[in-house]
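Q: Residue numbers (the working numbering), protein chains in the order written: chain A, 1 to 304; chain B, 1 to 304; chain C, 1 to 304.
Treat the hints with care, as some may be off.
Put simply, identical chains are the same to the list, so a pair is met inside one copy or across any two.
Stated by the list, open to error - Straight-line distance between alpha carbons at most 25 Å, and here's what the computed SDA-like set of lysine to any residue pairs gives: (1) 25 x 143; (2) 149 x 273; (3) 191 x 296; (4) 149 x 298; (5) 25 x 258; (6) 25 x 301.
To be clear, the hints were calculated from the coordinates, so they are not data collected in a lab.
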Amino acid sequence: MHHHFLTIPQLGIERCQTILRLAEKLRHSDAVPQLGATVAVAFFEPSTRTRLSFELAAQRLGCHVVSFSAPGSSIEKGESFADTLRTLQAMGAQAIVLRHSASGSVHAAARVLARAALINAGDGMAEHPTQALLDARTLLDVFGSLDGKRIAIIGDCLHSRVFRSDYALFQMLGAQIGICAPPLLMPHLPKDAAVERFSDVDVALAWADAAVVLRLQRERMAAGLVPSLADYRRRYAVTLERIDRSSAYVLHPGPVNPGVELDAAAVEHPRSLIARQVTNGVLIRMAVLIEIVAPELVQQSFHI
Amino acid sequence: MHHHFLTIPQLGIERCQTILRLAEKLRHSDAVPQLGATVAVAFFEPSTRTRLSFELAAQRLGCHVVSFSAPGSSIEKGESFADTLRTLQAMGAQAIVLRHSASGSVHAAARVLARAALINAGDGMAEHPTQALLDARTLLDVFGSLDGKRIAIIGDCLHSRVFRSDYALFQMLGAQIGICAPPLLMPHLPKDAAVERFSDVDVALAWADAAVVLRLQRERMAAGLVPSLADYRRRYAVTLERIDRSSAYVLHPGPVNPGVELDAAAVEHPRSLIARQVTNGVLIRMAVLIEIVAPELVQQSFHI
Amino acid sequence: MHHHFLTIPQLGIERCQTILRLAEKLRHSDAVPQLGATVAVAFFEPSTRTRLSFELAAQRLGCHVVSFSAPGSSIEKGESFADTLRTLQAMGAQAIVLRHSASGSVHAAARVLARAALINAGDGMAEHPTQALLDARTLLDVFGSLDGKRIAIIGDCLHSRVFRSDYALFQMLGAQIGICAPPLLMPHLPKDAAVERFSDVDVALAWADAAVVLRLQRERMAAGLVPSLADYRRRYAVTLERIDRSSAYVLHPGPVNPGVELDAAAVEHPRSLIARQVTNGVLIRMAVLIEIVAPELVQQSFHI
Chain A
1 MHHHFLTIPQ
11 LGIERCQTIL
21 RLAEKLRHSD
31 AVPQLGATVA
41 VAFFEPSTRT
51 RLSFELAAQR
61 LGCHVVSFSA
71 PGSSIEKGES
81 FADTLRTLQA
91 MGAQAIVLRH
101 SASGSVHAAA
111 RVLARAALIN
121 AGDGMAEHPT
131 QALLDARTLL
141 DVFGSLDGKR
151 IAIIGDCLHS
161 RVFRSDYALF
171 QMLGAQIGIC
181 APPLLMPHLP
191 KDAAVERFSD
201 VDVALAWADA
211 AVVLRLQRER
221 MAAGLVPSLA
231 DYRRRYAVTL
241 ERIDRSSAYV
251 LHPGPVNPGV
261 ELDAAAVEHP
271 RSLIARQVTN
281 GVLIRMAVLI
291 EIVAPELVQQ
301 SFHI
Chain B
1 MHHHFLTIPQ
11 LGIERCQTIL
21 RLAEKLRHSD
31 AVPQLGATVA
41 VAFFEPSTRT
51 RLSFELAAQR
61 LGCHVVSFSA
71 PGSSIEKGES
81 FADTLRTLQA
91 MGAQAIVLRH
101 SASGSVHAAA
111 RVLARAALIN
121 AGDGMAEHPT
131 QALLDARTLL
141 DVFGSLDGKR
151 IAIIGDCLHS
161 RVFRSDYALF
171 QMLGAQIGIC
181 APPLLMPHLP
191 KDAAVERFSD
201 VDVALAWADA
211 AVVLRLQRER
221 MAAGLVPSLA
231 DYRRRYAVTL
241 ERIDRSSAYV
251 LHPGPVNPGV
261 ELDAAAVEHP
271 RSLIARQVTN
281 GVLIRMAVLI
291 EIVAPELVQQ
301 SFHI
Chain C
1 MHHHFLTIPQ
11 LGIERCQTIL
21 RLAEKLRHSD
31 AVPQLGATVA
41 VAFFEPSTRT
51 RLSFELAAQR
61 LGCHVVSFSA
71 PGSSIEKGES
81 FADTLRTLQA
91 MGAQAIVLRH
101 SASGSVHAAA
111 RVLARAALIN
121 AGDGMAEHPT
131 QALLDARTLL
141 DVFGSLDGKR
151 IAIIGDCLHS
161 RVFRSDYALF
171 QMLGAQIGIC
181 APPLLMPHLP
191 KDAAVERFSD
201 VDVALAWADA
211 AVVLRLQRER
221 MAAGLVPSLA
231 DYRRRYAVTL
241 ERIDRSSAYV
251 LHPGPVNPGV
261 ELDAAAVEHP
271 RSLIARQVTN
281 GVLIRMAVLI
291 EIVAPELVQQ
301 SFHI
């Protein structure tokens, strides 16, 4: 018990591999272990799908789940962030699933917690490690291994926590990373980073075995980082035609902005892995909870 | 598994009869089956009592329940309706309970779902089939059969999904339907529809074996469909005096506008069936979940 | 089954003692009874920590829990308070946990409920009895008995439901009570009330074995009851220095206004009992639910 789950680099290749394998074993398990643990789901930034995915994962493992979103919580009453986390820990939560709009907030949170393990469910623009693991699990389902596979990440990489976690994990797993983004939304990477950079989405899709399409936050337009929706769509949108011209699989962390970064109909394209990502999301979160709350089961029950 | 639950006419008399009988058996069961299924409760329009009734029904059947209301959900982030439903299905929900303010939205939703079964918990002004079933169950508790029974539906029938579902189900079960509504709130029915029309609420109550009183939305006043609250109350309200002058049982789908369409004290009148409706609501929703998620149990465990 | 849980004086010393002992037994129980009851948590005033504490207590006892907060509930639709409570009862809730901003609302609520037991989770400025019980449990953990112990209650006693419940319970348990508050926030007590009154927080802390520090609602400043935050802090705040100069234990019902009535760092002072209060909160609420829903277990299973 108790090792925080904060960022892909901190997790390291071994814990990531364990979680990826555990999720696959859970997919084929008739019965899953009933942990009887307490899991607190604390969302200071709204997100229906990630919240429900964690709640469901915890319920399937026979956990007691308490859940709150900041708008309905006592944040209004001036309860401090640290105070809330300490309270959840004192109530007996073994794991606290945290979503927060401030990058790095999970590190501040982790320092407050001596007993409960913190699980990062997305912190600002920094990391979203369970998303990267479910993306990797989905790609492994199709490719068996990521070694040498070409993964294009398309869209607003600069502001994306999904990008940062995917990039770290995919590299760890031996994939080649390609990036296709408008000039002002390119991520800041070391000059010698081993990535392919694309300005043409068709070239990126032709190069890629799979493409992760990122959400375009509409605020980027207001900020002048993208000239217009129409321009973005013309140059970077993963349209049905573009998918059909390529042979790449398509992933998206959801929720999709239909008709902006991805065509609505693309979600159901034969090479779309989006529904599989959602299914794997629950499995990955179950694996994370087991690995944190009952690590002895990883070997004993799952022989990993 | 998998037949959507959308409208009373689509369900047909046989499924409705099965659910009505199953609810009655559940009332007297010491132990109910534990389904272990996943039920998603997706409310895009607020409603405490219907949401809690479904959540409780699912919990009593040992289901995992994930629940969200649109104001706290990612609808804000532009997540499309169809995307949300597909996500819930991909998370493994066998049943999705949907409440939406748009009439007919359940049909659009059903087309999106290939595996999960959709349960209509009220769509705009169109249908509210579990309400009709719990109303019928309540009337059956008192009358044994609805054949030839006179049921008056009183109030704003034009805008009421409860009216539409009740009307369809009560007719199916052999009841005679009476309607008492202000002229501008009369429902559009075929000219030859076999209904009694009443303009005087006392005459309707004298005629009826039971009366379903509908909520008057305050917006109807603003829209000029009702001259004034005082006028509505004088001509159509089911007051304590009017109940006492009649011998009809009184139902109301809740929540009551006390002193508008129904006196507050009428809720506890000896001939009020309102508390029984709420109790039956949980039983009907349990029956619906069993019939959808584990139809084999209907015969095997309940011998229906 | 069925004795409401409304105020400390109504509960009386015997029920309070039972609950305090039961909570202590639960702390050391390997397995707790699984009640299979239905618990409704109805919060008409927001409070994350109290809501989660009750939800978790109910879950650990194997209860079905339905929960709502007024902003997301049908209160918007004009559903009356009494109607909501009757509905929860008709759904089969054996216990209804109520938080409401109106002092005395629990008494009105209790009159409506013939079968379900009402549990007061805080009503306006009147009472918060589970808070008093968890405070007492926490003090008993440290002192063994409250007989003759000196407990200072510091801050806005006038508007505090925690003050009223603590005061009643601590006296019942034989403690000496001290009050330290600004002149306009002193509670109205009988002239001959056996309390020590302090105007100097250092003198109060020097006198006390333990101090319960109350939240200062920022509205008090606006109302002119406190000259300024700076003045309040200088004269009444329980700062780290003041704690170190005394030998008193420190309690706070949470959430803390850091730097107003209590220093943020004081929460983790060696003599802070704040985390223990939160842990005991879940135990006390489990004890209350058992004592109300399954009173036969108190003797049979716990030998109290």
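Q: Does each hint hold? Answer for all of them.
A: Against the structure, the hints come out as follows:
| no. | hint | verdict |
| --- | --- | --- |
| 1 | 25 x 143 | within (17 Å within a copy, 51 Å between copies) |
| 2 | 149 x 273 | within (16 Å within a copy, 55 Å between copies) |
| 3 | 191 x 296 | neither (42 Å within a copy, 63 Å between copies) |
| 4 | 149 x 298 | neither (28 Å within a copy, 50 Å between copies) |
| 5 | 25 x 258 | neither (34 Å within a copy, 46 Å between copies) |
| 6 | 25 x 301 | within (10 Å within a copy, 33 Å between copies) |
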